[in-house]
Structures are given as structure tokens and as C-alpha cells.
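Please work from the sequences and hints to get the whole structure.
Chains A and B, in that order, give the protein sequences.
Numbering-wise (the working numbering), the first sequence opens with residue 1 and increments by one.
Numbering-wise (the working numbering), the second sequence opens with residue 1001 and increments by one.
In short, the hints are calculated from the structure, not lab data.
Mixed in with the good hints there might be a few duds.
[As the list claims (entries may be wrong)] Among chain A residues calculated to face chain B with C-beta under 8 Å, some are:
(1) T169
(2) L178
(3) L228
(4) Y267
(5) N275
(6) D290
(7) Y306
(8) R307
(9) Q310
(10) L318
(11) S383
(12) F422
Note that the Cβ used here is the ideal one computed from N, Cα and C, for glycine as well.
Spelled out from the first residue to the last, the chains are:
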Amino acid sequence: MLHVVKVTCTGLLVFVFALAAVPARAQDPQADLRAQIEQLRQQLQALQEKVTQLEAAAGQRPAAGAEPAQPPATPPQPAVAAPQPAPPEPVQTPPGGGAPLTSKVFNPDMAVIGNFIGAAGNNSIEPMPALKLNEAEVSFQAVVDPYARADFFLSASPEGLEVEEGFVTFPTLPGGVLMKVGKMKAQFGKVNTMHGHVLPWVDEPLAMRNLLGGDEGLNDSGISISKLIVNPVLFLEATGEIYDGENDVFKSYKRSDLTYVGRVRGYRDVTESTNLDVGTSFAYGHNDADPEATTKLYGVDATFRYRPLQQSLYKRALLRTELFWSHRQQPIGDAKAFGAYVSGEYQLTRRLFGGARYDWSERAYDASLKDNGGSVLLTFWPSEFSQIRGQYRRNRYAEGVTANEFLFQFLFSIGAHGAHVF
Amino acid sequence: MKNASFVVAGVLAAVLGSAFPARAAGLSVVTTTQDLESLVKEVGGDKVQTDSLAKGYQDPHQVEPKPSFILKLNKADLLVAVGRELEIGWLPPLVNQARNPRIHPGGDRYLDASLSAHILEIPTGQITRAMGDVHPQGNPHYWLSPENGRLIAKAIQQKLSEISPGDAAYFAQRYGDFDKRLAEAEKRWKAAMAPYKGTKIVTYHRSWPNFVETFGLNVVGYVEPKPGIPPSPSHTFELTQEMKKDNVKIIIIEPYFDSKTPNAIGRDTGAQVVTLAPSVGGAKGANVGDYLALFDYDVNMLVAAFKAAGVKPGA
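Structure follows, in C-alpha cells:
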């Protein structure tokens, strides 16, 4: 096959040169000739691309470990050295169409993000190891077919390997509906939807731990449907979700014990540099206290962002609060608990960020137990693919224990990790 | 459970009760940058309504994927993107949430402007992130050459004609007119820059390969040690020594980079620091409102900087 294509290419090339060498005759024939040459040029280019693809495919057949099909004499070259000589015709290389990339054009985007954390100081209530590779998140993301895309996030940690999220999204449904099916983080508030590596802190807020099930949060298998409510005033999105009912907050005793989640989110640009993002969330399901007992969760979140466009590399600020209410039925009496946090981030220089957080939260199963605490943080980004963070945390727990700790974190990413939703 | 039913019913009512907005006259074309928006206006005239997501004075690599952009994309009849992974950090989540399948890459209402352009600096060997934030599909700042402006406009003309065949003659006439004005302007720009052909310059980021190729300038160094990596003291020192040795008198920076380091290098070497507009709308308060004005502005600024720096024509 390769030989046939090469012969065809050579023949076409000879034909093109032959045509180009034909002396001009009259105006119309010249125009025809030019059109033919252009047509042949395009055909030749298509064939050349085919040859490249076949060569790349052929170059992969040898045993694993063989060098990829690349020009052997070409030294590694930054994408940016001195301008290369201009080709005679505009380059029509499609994205991803370079020889080294052709063989993996249908592979998903793959990335691994390492999340290494450490702790110093004393904390008998929430003990953390001194040093720990807390998580290696492996992601695979790609378009499935013209109707769907898929995202998988596997989380490897000292506790084992699990599917943190794995869902298919149907962005082409009629009526402006976006549907997701699979295991995913429920659209409840802000922090619950975030992966560990995008949190602006080393840990989670106390309210997340006490009321939303800790670092896993509301994360379950289910179906999510959301729709834009198009209006001239603001971005408004309504989301309704149904889950299997098995996570750190809810429990399913029988098939019909599902968890229901609803969220309405509003967003508006205040100026070109500032915006306001507010949301309200609800979740309902059975809990682990008793087969008949249920938990209702209510949440309100608000985020204010500032980032001047022209100085967006150097200046940004974010102020966020989330409030949660939990109403948990249990045989010993219902518990109505409240928790909240307020957090601020400020960019100090291009690669340095400061932050602070205040926590206050009752515990879901006994609202008389109240925890509170505060943190200050400093984050350094060597590049957009790595991050070093230090956090001083002082928590006062309901048990009467005050914990002073220094937490630190190294985040590092390799591969192509898809951009996160705003 | 009753409360849950009310909330779910409320969400459903909100979903089902959403109103659809009235459509504006003409095709709604959303572009990722103002350069592309300007070229769409040139070709589309009053048959299109345009909107650009990024502003010309912001770094196009670092745009925030704001939900307000989702609304624009939701209503778009056509999305025109720069491509070559310039928007990889922010456009995919917007398109995925836009509920507008036709503007997805591969859809009939998505135009990757780079496919018809002359792309430079396509890596031919192994690349890693040790080289900084490299673009594996070539330098995405390709719109900064008039020839590419012409090729992009042609691709836009073809796409608009495909979407609205009844207006094909109108788009062809508008393209022809733009092509003519661009050719005249190009002669003017090249004449102004001709005396400085071969002049050695330094730029902050690698935003200008197509521009310097067009006008025959010679980039001998960058303020960034590697693409996307902020200047380091050691690199700045080496660059300063290199500039002194080569007698480099011009440093070009983009408006969204901090000018502190370039200014320090300028003071040390006697070079002029000139802030050019890398995009339409890239200089606040100046007339950089369209694609032709962009080159007028940049060429005038550069020629003035060459003169101020004492660069001798033909040197």
C-alpha cells in the first residue's frame, strides 16, 4: 500500500513539474492550467499526508522501545528558535497532523497529577502523616463520537486505586440540554465539585469535612441534566441530578433509595475585570442512621473575582464563601447543623499568591459539637504545571483540642490535562 | 421528601420555562480574538454580528473561561478560532458547555483559521515542557503577517459563503475590496520598514515570528528565558551581554507583560523599549481598531523607535 502511494505521489510530482514546464499558450488555457496545477497540488499534499501517516504507522510496528519515527538527524529544537525558512506555499498542516503526533491522534488526552502533602505540628483529632503522596490523579479525556465526550479521573492513593470520576457528556442534545452519565462529583456548591489539585488550600474547609463527607464529598454514580436559562440579565444554569445514593453522606438500603441534587447558578460580569458568581444547592437522600432516616443538605455559595484583563498575568483576587445547612434524621433525634467558610486569595506577583480562610462548622450528627479554625497560605507556581504551597492552620475542635499545624504541598502535572470549568 | 419534590419541581419548571432570545439580524459570529473579529467584519460587512471573547490587550493564552462567554457561544452561528493550541487553556470548556454542537471542532460552524495560514516554528523533533510552554503545532501568533491576514480572510469568505450561499457574491466583493486595500497598505508598510531590514531586535515573548519575517527583522533574543517562563536574573544578564555585543537597540514587548525587566535591560544597553499591539485593540487609547490599523500602528511605532534609538537605515 505504502509503495503504491509513493509511486502515485512520484507520478503526480513528475506530472506537476511537466505541466509547470509547458510554455504558456493563451490566456484561457493558462488559467485552466493553473487550476489543474492547484488541484494536483492539493491532491499531492493529501497523498503526502497519507504517506506520512502510513510511515508513522509502519514505524510503530517494531518492538516496543524502538525510537519513534522521526527524522534522526534533527536535533531537539524549541518551538521558537529563529524563524524557519518559509515554505513556498501556505502550510496546511492540520492540528495534530505532524508526523510524531499522527499515530496518537485518536488517543485521549492523558495526564498524571501528583499531590504530595506534608504536615508538621500536633493534631490528635485529624491526624495526618508527616509526609504522604496523597494522590496521583490519572486522567483520560477525549471525544467519544460526534455525540459525546468522555472524562475519566482515576485516583491512586495509599488507600488504593479508585475511579474518582468517570462520565460521558452529551453536549449535542436538543433543547440546549447538557447531560452527563457516570460517576461524578455532584453539582453541590463549589468545593464539592473541585478535584484536590485545584483547591486553593492544602486541605478542605471544616464544613466540607463535617457536613459534606470530607475529601470525597458528594461523589456518586448517577445522571446529571443541566440547562441554560437564557435571559438578557445574567448567565443562569439549572441542574438536576439523580444518584445511586451511596457516598459519604447518603446511604442506599434499597434500589429506590436514590439521592437527588438540584442546583441553580447565576453569574454576571460586573465590569470587564470583576464578576459575581452565586449559587444555591440542595441534596436529599437516605442516611446511615436508619433505613427510614433521611438527610437534607442546603447550600449557598457566592464568589467575587477581580482580574484586570491587561494585567491578568500579575493581578487577581478572589473572595468566596459557602454556607451549608444539614438536616439529618436519626433515631436519637434530628440534628440540624450549620457550617461555613470564607476564603480569600490574592496574587502578589506573577508566580506568588497569598490566601486566608476562616472556618466554622457544627457536626452533622450532633450540632452541639462545633469546630472552628483559620488558615493563612502562600502558594508559588514555578510554572503552570507545578505548584508549591504552605499553609499554617489553627483549628479549635469541639473536643477542646486546639491544633496548630504547618501543612505543605507539592503539586506536579505531566501530560495534557483538560482545562477546568470556571 | 415534600421539600425535595418542591425543589426538584422548581428546577424543572425553571428548565422548561426558559425563554429563547430574539435573534439579531445577520449571522452571529464569535471569534476568540479581536484580530479574527476584524477580519470577519471586513468580509461579512453588515451581514454579520461579531463578538470577540478575548480583548486585544490581554494575553490570549490566559483568558478566563467565564460563563458569560458560554452565552455568546450558545447563540453563535459560527465560531472562528486561532487554533494551534493558543486557546487550549480556556476554549474547550466553553465550547463543551455551550449547548451548541455545530461550533464544536469538526462541526460545520467551527473555523480554525490556522488551517489556511502560513505557520512558523512547527517543532520537528522531540519536545518537552523543559522547553517551556511550547506549542507542538507551531507558533500560534501567525496573524501578524499581512499575507496570513489575507489567507484568513479568504477562509472566512469561504465559510460565510458556505453558511449563507445567497450572500456569497457580497462576501466575495468584500473580500476583494479588503484584499486590494491590504495590498496597498502592505506596500506602504514594507516601504517604511525597508530601510531597517536585517535590524537586530529582542522581543519579550515569541509573538512576532510572522511579523519579523514579513519585514525582514532579525530577532536575536527573548526577555523570557523560555516561552511562558518569567525572566530570570541569569537569563537577563546573559541577554544584556548579548545585546551589548550585537549592539541591539530595540526591545519589543506586548502590553500585557510587566515592563520592569525590559526597561532595566533598556537602561543597561541603551535600547529603546517599544510596546507594540500584538492584536487589534491591543493598545488602549490608540487607534488599533481594525486589522489594517494594527499594522499601521505597529509599523509607525517601530519606525519611530528605530529613529529614537539611532538605528541607521541599512545598518
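Verification of the hints:
1. T169: This interface hint holds because 7 Å falls under the 8 Å limit.
2. L178: Holds. Min distance 6 Å.
3. L228: holds (6 Å)
4. Y267: holds (4 Å)
5. N275: Holds. Min distance 6 Å.
6. D290: Cβ of D290/A sits 15 Å from chain B, so the hint is violated.
7. Y306: violated (11 Å)
8. R307: holds (7 Å)
9. Q310: holds (5 Å)
10. L318: This hint is violated: L318/A lies away from chain B, its Cβ roughly 11 Å from the closest one there, beyond 8 Å.
11. S383: Nearest chain B Cβ about 7 Å off; hint holds.
12. F422: It holds, given that the least Cβ distance between F422/A and chain B is near 5 Å, below 8 Å.
Consistency with the previously given hints fails for numbers 6, 7 and 10, ordered from lowest to highest.
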